[in-house]
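Kindly generate the complete structure, drawing on both the sequences and the hints.
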Amino acid sequence: METVPVGGDGATSGERVIRTTVALDGDGAGIAQARHLAVGFLARVQAEYGLPVSQRAMDVTQLVVSELVTNARKYAPGPALMDLRIAGDTVEVSVWDSDPVLPVARAADAGRVGQHGLEIVMAVAQGFEARREPVGKRITARLALADDPGGALTGHPPL
0 METVPVGGDG ATSGERVIRT TVALDGDGAG IAQARHLAVG FLARVQAEYG LPVSQRAMDV
60 TQLVVSELVT NARKYAPGPA LMDLRIAGDT VEVSVWDSDP VLPVARAADA GRVGQHGLEI
120 VMAVAQGFEA RREPVGKRIT ARLALADDPG GALTGHPPL
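In terms of numbering that gives the first Met the number 0, the sequence shown opens at residue 0 and continues consecutively.
Take these hints with a grain of salt, some might be off.
[What the hints assert, rightly or not] Mimicking SDA-like on lysine to any residue, the simulated pairs with C-alpha atoms at most 25 angstroms apart in a straight line are:
{"#": "1", "residue 1": "136", "residue 2": "70"}
{"#": "2", "residue 1": "73", "residue 2": "126"}
{"#": "3", "residue 1": "136", "residue 2": "65"}
{"#": "4", "residue 1": "73", "residue 2": "102"}
{"#": "5", "residue 1": "136", "residue 2": "125"}
{"#": "6", "residue 1": "136", "residue 2": "119"}
{"#": "7", "residue 1": "136", "residue 2": "93"}
{"#": "8", "residue 1": "73", "residue 2": "99"}
{"#": "9", "residue 1": "73", "residue 2": "141"}
{"#": "10", "residue 1": "136", "residue 2": "24"}
{"#": "11", "residue 1": "73", "residue 2": "20"}
{"#": "12", "residue 1": "136", "residue 2": "75"}
{"#": "13", "residue 1": "136", "residue 2": "100"}
{"#": "14", "residue 1": "73", "residue 2": "32"}
{"#": "15", "residue 1": "136", "residue 2": "31"}
{"#": "16", "residue 1": "136", "residue 2": "36"}
{"#": "17", "residue 1": "136", "residue 2": "99"}
{"#": "18", "residue 1": "73", "residue 2": "121"}
{"#": "19", "residue 1": "136", "residue 2": "89"}
{"#": "20", "residue 1": "73", "residue 2": "104"}
{"#": "21", "residue 1": "136", "residue 2": "30"}
{"#": "22", "residue 1": "136", "residue 2": "22"}
{"#": "23", "residue 1": "136", "residue 2": "126"}
{"#": "24", "residue 1": "73", "residue 2": "36"}
{"#": "25", "residue 1": "73", "residue 2": "101"}
{"#": "26", "residue 1": "73", "residue 2": "129"}
{"#": "27", "residue 1": "136", "residue 2": "122"}
{"#": "28", "residue 1": "73", "residue 2": "130"}
{"#": "29", "residue 1": "136", "residue 2": "115"}
[What the hints assert, rightly or not] Label-pair restraints from in silico Cβ distances:
{"#": "30", "residue 1": "39", "residue 2": "145", "range": "16 to 24 angstroms"}
{"#": "31", "residue 1": "125", "residue 2": "100", "range": "23 to 31 angstroms"}
{"#": "32", "residue 1": "39", "residue 2": "99", "range": "28 to 36 angstroms"}
{"#": "33", "residue 1": "80", "residue 2": "105", "range": "21 to 29 angstroms"}
{"#": "34", "residue 1": "110", "residue 2": "49", "range": "42 to 50 angstroms"}
{"#": "35", "residue 1": "109", "residue 2": "47", "range": "36 to 44 angstroms"}
Hints are computed from structural coordinates only; laboratory data are not their basis. Just so you know, even glycine gets a beta-carbon here, dropped at the ideal spot from N, CA and C.
Next comes the structure, spelled out in structure tokens:
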């Protein structure tokens, strides 16, 4: 885990950015590994930096990591990179893979079996971005670290 100086990393002036990046092999074991790394990262952020991280944030981050890494495994050959970044009161989960085709959320369909991952991610995220890279693509979801004091759940309604 590293602390990155403020600059071109998207943080506003005065915000500390904490991040970790991991390369994931092209096998199915990478999905469980990514979930464990995400929870460990958030636990260290809480313990070492004193940032509030709710149990919901832990659970939602694990869910988002699982969905994004699963999609990378399913649709792109070879390794993937996962980047976890704390900026302000959010955690950003980014997954890079080698397939340049951007994902498209499907219309909600309770009768469809499977292929709901992107819908789920978009429903729980405060922000979502999919962009092409010089090689492949990067999918990023931003999640709140703490629950809203009024009890409202963060995220956007599914498409």
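Evaluated hints:
no. : hint                           : result
1   : 136 to 70                      : holds, 12 angstroms
2   : 73 to 126                      : holds, 23 angstroms
3   : 136 to 65                      : holds, 17 angstroms
4   : 73 to 102                      : holds, 12 angstroms
5   : 136 to 125                     : holds, 20 angstroms
6   : 136 to 119                     : holds, 19 angstroms
7   : 136 to 93                      : holds, 10 angstroms
8   : 73 to 99                       : holds, 14 angstroms
9   : 73 to 141                      : holds, 22 angstroms
10  : 136 to 24                      : holds, 17 angstroms
11  : 73 to 20                       : holds, 21 angstroms
12  : 136 to 75                      : holds, 10 angstroms
13  : 136 to 100                     : holds, 7 angstroms
14  : 73 to 32                       : holds, 16 angstroms
15  : 136 to 31                      : holds, 22 angstroms
16  : 136 to 36                      : holds, 21 angstroms
17  : 136 to 99                      : holds, 5 angstroms
18  : 73 to 121                      : holds, 19 angstroms
19  : 136 to 89                      : holds, 22 angstroms
20  : 73 to 104                      : holds, 16 angstroms
21  : 136 to 30                      : holds, 18 angstroms
22  : 136 to 22                      : holds, 15 angstroms
23  : 136 to 126                     : holds, 17 angstroms
24  : 73 to 36                       : holds, 20 angstroms
25  : 73 to 101                      : holds, 13 angstroms
26  : 73 to 129                      : holds, 17 angstroms
27  : 136 to 122                     : holds, 21 angstroms
28  : 73 to 130                      : holds, 18 angstroms
29  : 136 to 115                     : holds, 20 angstroms
30  : 39 to 145: 16 to 24 angstroms  : holds, 19 angstroms
31  : 125 to 100: 23 to 31 angstroms : holds, 25 angstroms
32  : 39 to 99: 28 to 36 angstroms   : holds, 31 angstroms
33  : 80 to 105: 21 to 29 angstroms  : holds, 26 angstroms
34  : 110 to 49: 42 to 50 angstroms  : holds, 46 angstroms
35  : 109 to 47: 36 to 44 angstroms  : holds, 43 angstroms
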